[in-house]
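Colleague: Listed below, chain by chain, are the residues.
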Amino acid sequence: MINTLSRMIRTGILTEEVLHAPKANLPIGDQQEKIRRILGRALCIRHVDAGSCNGCELEIQALNNPYYNIEGIGIKFVASPRHADLLLVTGPVSVNMEEALKRTLDSIPDPKLVVAIGDCGACGGIFGKGYASRGAVADVIPVHHSVKGCPPAPAAILQAILETIQSTTY
Amino acid sequence: MTQWFKEGAKTVPSNLPCSRKRVGAVEWREIAKSVCSAGGRLFALWGTDDRDRDSRFRVFAAYLQSGGLAVVEHEMDGGTRPTYPSLREYFPSALRMERAIFDLVGIKSMEPDHRGWLRHGGWPEDAFPLRRDFCRDNQFAVVSEPYSFVQVEGDGVHEIPVGPVHAGTIEPGHFRFSVVGEKVLRLEERLGYKHKGIEKLFETMPQKEGYKLAARISGDSAVAYSWAYCAALEAVTGTMCPPRAVQLRALALEHERLANHLGDLGALGNDAGFAFGLTQFSRIKEDLLRTNQACFGARYLMDFVVPGGVAPDLPDDARRLLLDHYNAIETDVVSMRNTYDNHAGVQDRLRETGVLKQDLAWNLDANGLAARASGIPHDLRADLPWQPYDKLNVKVSSQATGDVAARVAVRFDEVIESLRICRALAADLRGGDIETTVPDAEPGLLGIGAIEGWRGPVLIALETGSNGSIRRCHPHDPSWQNWPLIEYAILGNLVPDFPLINKSFNLSYSGHDV
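As given, the protein sequences belong to chains E and W, one line each in that order. Counting with the numbering used here, you get residues 1 to 170 for the letters of the first sequence. Counting with the numbering used here, you get residues 171 to 684 for the letters of the second sequence.
The shape of chain E in the complex, shown without the other chains (with noise of 0.2 Å):
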């Protein structure tokens, strides 16, 4: 117990305030607050990897690393795409997981946002179409937003999110 309350306290609070929304260049508390009058509440992400090769996987889980703190500005990812209000999907759609994911947003309630993440979800990346790939995500369900990188680093995944959530209209 010593040792875990001691290394929380030399470790301290890492969570850096540089990473900005280009459009409205707010800092992560102004932020918070703008997904608060949007939403009146935290953004729930639901995740589906519809075919990546595992890459963005590890770039989204990053953002929950103390660097980042993405819950610490209001966005958390939920387990079931009833609690959603924003589908963020990595890979090119493989032909074996199109009807998974469908169903996983037919399951969103309305309104939705999708976004789609690294050269594979934006474009179809290296794999693009072909007997067992149906190429960008935006191919299959329609996309509002979509991040290139391969993977895309974590503060570009958080950059795309945010300008999504500040470009809607609701």
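Hint data in this document are derived by calculation from the structure and do not stem from the laboratory. Predicted model, so just to flag it, every value in this text is computed and none were measured. Any given hint could turn out to be false.
Simulated crosslink set (DSS-like; lysine-lysine; CA at most 30 Å straight-line) [claimed, not checked]: (1) LYS76(E) x LYS102(E); (2) LYS191(W) x LYS180(W); (3) LYS191(W) x LYS148(E); (4) LYS76(E) x LYS148(E); (5) LYS148(E) x LYS112(E); (6) LYS278(W) x LYS203(W); (7) LYS112(E) x LYS76(E); (8) LYS180(W) x LYS378(W); (9) LYS353(W) x LYS673(W); (10) LYS129(E) x LYS561(W); (11) LYS148(E) x LYS378(W); (12) LYS129(E) x LYS378(W); (13) LYS673(W) x LYS102(E); (14) LYS76(E) x LYS673(W); (15) LYS191(W) x LYS129(E); (16) LYS561(W) x LYS378(W); (17) LYS148(E) x LYS382(W).
Add chain W to chain E, keeping to what the hints say.
Modeller: Chain W in isolation, oriented as in the chain E frame:
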């Protein structure tokens, strides 16, 4: 290598000692039997359609033995129903590979289980993607097909279907639990959801570009796969990598091992109800990724290993930065291990959970990290060291208990050992070139690249085509052997312990589904 194999065997270009032999149907099984009884392991199994060349289908088995790799090749007539004897009797992990070979190449093993493994109705039953006359660009409407899971019947038994979409930020796959109360009676996995047609895609790429796809077979093992690919290509072209490039590849491979182990140690703490572990380890991992960015030019090294060497070179101040960082990681990890080991609540969740005893692990063909945690101390870096591991004396970590705690302990040990290797590499880094030119390979050659990734040994079997093209490329992930282990490790455990047990193996879906 055993004597029976040497007779009539030819050398195969590879980064490991490797030979190849063509055999008939009877010998195909006899070799499997003698490899099995001599303590060898089935490494990979794949099929090819060579009807355009000599009206034959072929099936290949790669075995791992104390002296090196043995590739056994069996050919069958390209008639309407090509079949070959199953290896399941000696190596149970062969079953899923045989099902996958049928889905892709259309050659059947003489096993009764022919349920689609990679094919979920996404292409017609009588179309086989890896046949020469199948066009990769074909797009079919999905015809959803029922999949018959093995049913468990009796008082109070019920089924829990999980997936393919899971509750966290992880890859998709389906798990079918049959449970009584909270206890798991049976688990059946269904994988293949991420099948993207990687093997067919390889055939459309030039040899010199294939490393990019290899790195994206399983993004968490990008260095292992791209190195295996480049090792196969360099072996068939007779290319020698500059010494500095070889050292930098090993450095990158160890960084990949560190990043994944650090991430898993945090996630395992979290799944045991100890969020502090996740916070601390995700910080340590993030620091390492940032060092990767500073030294290798990327957080994840997707395109660092290239044919003939690496790109880009380290910046001038990298050595100091790396050595300082290794010390910082070691201090943190030693202290965190102490915290995990002395935390009664964490230990209560980790110990005797998801036990996989040594004899069962051996009989199920376990490999890599999972095998080492069940008392099977195999590691290519130590058993068949290739350059530069031949000078690094890698110490293999192994635990006897086979529970989640053992898989945690092996990760802790391997982090410390990786740091030692990284220090040795960074301290002794040679100067000079980091890349050399790779010529186009002669057509019709088979090269094998095998690398011990963080999860276990990965293999690339590369067959060259004409004018620098790829005729066939088969990647093999250690997860093929290890996925069935979880079906046994979960038995008798509570359903809520499944995420913890699954995470303790942390197998690849993408690398398996290709």
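Colleague: Holds or violated: LYS561(W) and LYS378(W), Cα atoms, limit 30 Å.
Modeller: Distance of about 29 Å is within 30 Å: holds.
Colleague: Just to be careful, I want the Cα atoms of LYS129(E) and LYS561(W) compared with a cutoff of 30 Å; is the pair within it?
Modeller: violated, 44 Å
Colleague: Would the hint linking LYS76(E) and LYS102(E) be met if the CA-CA limit is 30 Å?
Modeller: Given pair LYS76(E), LYS102(E) holds - Cα atoms ~22 Å apart, limit 30 Å.
Colleague: Decide if the proposed pair is consistent with the structure: LYS278(W) and LYS203(W), CA atoms, cutoff 30 Å inclusive.
Modeller: holds, 20 Å
Colleague: Holds or violated: LYS180(W) and LYS378(W), Cα atoms, limit 30 Å.
Modeller: holds, 26 Å
Colleague: Straight-line Cα separation of LYS148(E) and LYS112(E) no greater than 30 Å?
Modeller: holds, 21 Å
Colleague: Does LYS191(W) pair with LYS180(W) here, judged by a C-alpha cut-off of 30 Å?
Modeller: holds, 6 Å
Colleague: Within 30 Å, alpha carbon to alpha carbon, are LYS76(E) and LYS673(W)?
Modeller: holds, 21 Å
Colleague: Under the criterion that the straight-line Cα-Cα distance not exceed 30 Å, is the pair LYS112(E), LYS76(E) satisfied?
Modeller: Holds, because 15 Å separates the two Cα atoms, which is no more than 30 Å.
Colleague: Can the restraint linking LYS191(W) and LYS148(E) be considered satisfied, given a maximum Cα separation of 30 Å?
Modeller: Violated: LYS191(W) and LYS148(E) sit about 46 Å apart, past 30 Å.
Colleague: Given the hint that LYS129(E) pairs with LYS378(W), does the C-alpha gap stay at or below 30 Å?
Modeller: holds, 21 Å
Colleague: Holds or violated: LYS148(E) with LYS382(W), Cα cutoff 30 Å?
Modeller: holds, 17 Å
Comparing the model with each numbered hint stated earlier shows that hints 3, 10 and 15 do not hold.
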